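Trainee: As you go down the protein sequences, you meet chains V, L and A in turn. Sequential numbering from 60 applies to the first sequence in my numbering. Sequential numbering from 847 applies to the second sequence in my numbering. Sequential numbering from 8 applies to the third sequence in my numbering.
Don't read these hints as lab results, they were simulated from the structure.
Computed cross-link-like contacts, DMTMM-like style, restricted to lysine to aspartate or glutamate with a CA-CA straight-line distance of at most 25 Å: (1) L/K1041 - A/E110; (2) L/K1075 - V/D148; (3) A/K118 - L/D968; (4) L/K958 - L/E944.
Here are some, though not all, of the chain L residues that point toward chain A, as calculated from beta-carbon distances under 7 Å: (5) I925; (6) P926; (7) A988; (8) R1005.
For each label pair, taking beta carbons as the anchor points, the in silico distance ranges come out as: (9) L/K1050 - V/I82: 47 to 57 Å; (10) A/I72 - V/A272: 23 to 33 Å; (11) A/I72 - L/A1043: 45 to 55 Å; (12) A/R149 - V/S215: 26 to 36 Å; (13) L/N1071 - A/L40: 34 to 44 Å.
Just so it is clear, the structure is predicted and the values come from calculations on it, not from any experiment. Think of the CB as a built atom: it goes at the ideal place given N, C-alpha and C, for glycine as much as any other residue.
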Amino acid sequence: MDSLWNYKWLLVQGSGITLLLGICSLCLALVIGLAGAAAKIGGGSALRRIAGCYTTFVRSVPDLCMMLLLYFGGQTLLNKLGTVTGWWDYVELNAFFAGVITIGFIFGAYMTETFRGAYVSIPPGQLEAAHAIGMTHGQVFRLITFPQLMGYALPSIGVNWMVLLKTTALVSVIGLKDLVSYGMSAGNTTRNPFIFLLAIMAIYLLFTAASEAVLRALEARYTRGRRREV
Amino acid sequence: MKRRIAFLGVLAAAAMSLMPPIVQAEDVLRVGISSGYPPFDVLNSDGTLGGFDVDYANLLCERINRKCEFVDIEWDGIIPGLLAKKFDVIISSMGINEERMKQVDFTDPYYKGPSALIALKDAGFTADEAGTAGKSIGLLRASAHECYLKKHMANADMRQYTTSEEAYLDLQAGRIDAVLVDTIPGEVWLKSDPKNADKFAPIKADLYDDQCFGVGSGIALRKGNEALKGKLNAAIAKTREDGSYIALSNKYFGRDIYGN
Amino acid sequence: MSPPELLALIAEFSEKQSPIDFVLILSHWDIFLTGIKNTILLVLFGLVFGAIVALPMAIARWRRIAILSEAIAGFVYVIRGSPMLVQAYILYFGLAQFEAVRESVVWPVLKSPWFCAAIAFAINSAAYQVEIYRGGLNAVPRGEIEAAAAIGMSRTMALRRIILPSALRRCLPMMANESIFLLHGSAIASMLTVIDVLGAARRFNAQYYLAYEGFLAATVIYMVLVFGITRILGFVERKTLKHLALRSATNRIQTQLI
Chain V
60 MDSLWNYKWL LVQGSGITLL LGICSLCLAL VIGLAGAAAK IGGGSALRRI
110 AGCYTTFVRS VPDLCMMLLL YFGGQTLLNK LGTVTGWWDY VELNAFFAGV
160 ITIGFIFGAY MTETFRGAYV SIPPGQLEAA HAIGMTHGQV FRLITFPQLM
210 GYALPSIGVN WMVLLKTTAL VSVIGLKDLV SYGMSAGNTT RNPFIFLLAI
260 MAIYLLFTAA SEAVLRALEA RYTRGRRREV
Chain L
847 MKRRIAFLGV LAAAAMSLMP PIVQAEDVLR VGISSGYPPF DVLNSDGTLG
897 GFDVDYANLL CERINRKCEF VDIEWDGIIP GLLAKKFDVI ISSMGINEER
947 MKQVDFTDPY YKGPSALIAL KDAGFTADEA GTAGKSIGLL RASAHECYLK
997 KHMANADMRQ YTTSEEAYLD LQAGRIDAVL VDTIPGEVWL KSDPKNADKF
1047 APIKADLYDD QCFGVGSGIA LRKGNEALKG KLNAAIAKTR EDGSYIALSN
1097 KYFGRDIYGN
Chain A
8 MSPPELLALI AEFSEKQSPI DFVLILSHWD IFLTGIKNTI LLVLFGLVFG
58 AIVALPMAIA RWRRIAILSE AIAGFVYVIR GSPMLVQAYI LYFGLAQFEA
108 VRESVVWPVL KSPWFCAAIA FAINSAAYQV EIYRGGLNAV PRGEIEAAAA
158 IGMSRTMALR RIILPSALRR CLPMMANESI FLLHGSAIAS MLTVIDVLGA
208 ARRFNAQYYL AYEGFLAATV IYMVLVFGIT RILGFVERKT LKHLALRSAT
258 NRIQTQLI
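The task is simple: from the sequences and hints, build the whole structure.
Mentor: Have a look at this one:
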């Protein structure tokens, strides 16, 4: 226990990195998810096919493998691109960025399905009514579609977030000093990995529990209107 | 106060991660190291890096008027990282050997040490091909020891680890029969805990093979970086002349490990 | 041009011109084959032993057996709420530090990295499978259970003959998902020194100090594996769920009639 206490600030720091990584990845995933859903619903056949390939690819390759590929292969590709185009000499693709991009890319695929499902749940009558009273496409999206989309998608976004947060543990493999990485180093140095691994597990469980609480509160708020209908 | 420091640390790390350093100031030398290799490359409990390699890198940086900036990376990603320009040099006890020289360039060696096969005291096998047949031997992935094992202990069961500490953990647990490591860090590990010295000992602590381990540990650079290589070679020579090398070596090992 | 000449030409192209030295990768096919074998076996072990553990737990949850049910819920929460990488590390590095574990009867099993990975997968998969089976059990129509009781079946017999087959068939689509997620998770085995597909890739990369070539090969292999699993499970699903598809179709017609 003493050793755990000595390393407490390292664990706090690692937790901060893990959370930050999770939140950044979530934002990217939401943006990709919205774009992917738009492509699948409203895109032409080419766009729809690209979106389809994207979700299939993500479903086919383990996150760990994709992360390693992007971290090492992506940097090489980036450098070559810079050399060929002459636009840059060197742009750092650091572990944090590689993590955000990979996790965002992976969960963007799951978010695509989330938003597509949510869109289908919006009663088509509402959209027709909105168009009938003369709203523009932009207005319909902003005032009718988007707020409801978020409402319907929220539970699934929540589930994705909790899976995403666990996936962040894998960035330790590409050398980002996150919670798992710091915990393992400390555990190896003190010859007591067990206690540190348990602490890491407890911290992740804490994150999960907190996420669930926040999610319940959000859901209660966003689905208020819908419950009254019933 | 401590809490605030930790919080600021998180913020600073976050900010650093979010800003890709596109423009590199000329006076910074980015040094790749792989921590988890005491006493050469260590991650301290406050998150800073230390060890002989880190201190020596700082000595060299002083002498070429640049500021060392360390990038900590897993060992099997360190040459790919150098090639991908994630850092400018590797100062992390990397042995100068043929296979690596196909990919990268090296300065003159800055120290030389043999390798050791460490096992239980009563393990009862020898450090040769016949003795190690069927034994499970742990080593660091992408280390020169892979070359040695394949050449001299071809019938052993090779287990590759991401850090040498993980290999030691498995040796202590009895999951593997021996570890093949550099002798100096191996002996440091043995001395670090009386329990280790009680149970384990090197079967052989002076394994040499010039093809695998080369002429010692040097600083790796990308090919064609002759100017920097020249400066670093001069700096290494200077640390030998002005006594700073010996002072540092004595601090860590109580002797001069230069060896050439 | 003779075949050997052609081969030499291909090898040279691969080494000098092509961005990926595919001949080098192909010449190490044996290590990748070992990787594929280990990955498939690990996933199978995890799924099967996960199922063996999960099924009784799901029934206990479904029947709401006091205390047991809560304990299982706790287990499921802990496993599903934390990363599998950490669970695998606890099993591999964490437990091995204790003398008591090293001297116990389970050590010969825990000593092997392969079995550590397999057990971690089985435990993890069990937690997910409990929820899948519980969902399946809850989805069995009341009428089926009542009908079984009405013709005089005991509770156990009804469970064995009526409820479980009906519930498990409903779980198939979810099980297909779980198989693929476990395959994704199985890449963690490479962190425990096991040579799975990713482990083979890392070993290959390390030998030649390459950055990504091995990972590219691993990506392709994983894609093929997932494609295969999807095909096989899709086939099984169509075979076993045929009657449900038919029934839901007739249900629709009936409701339309009413």
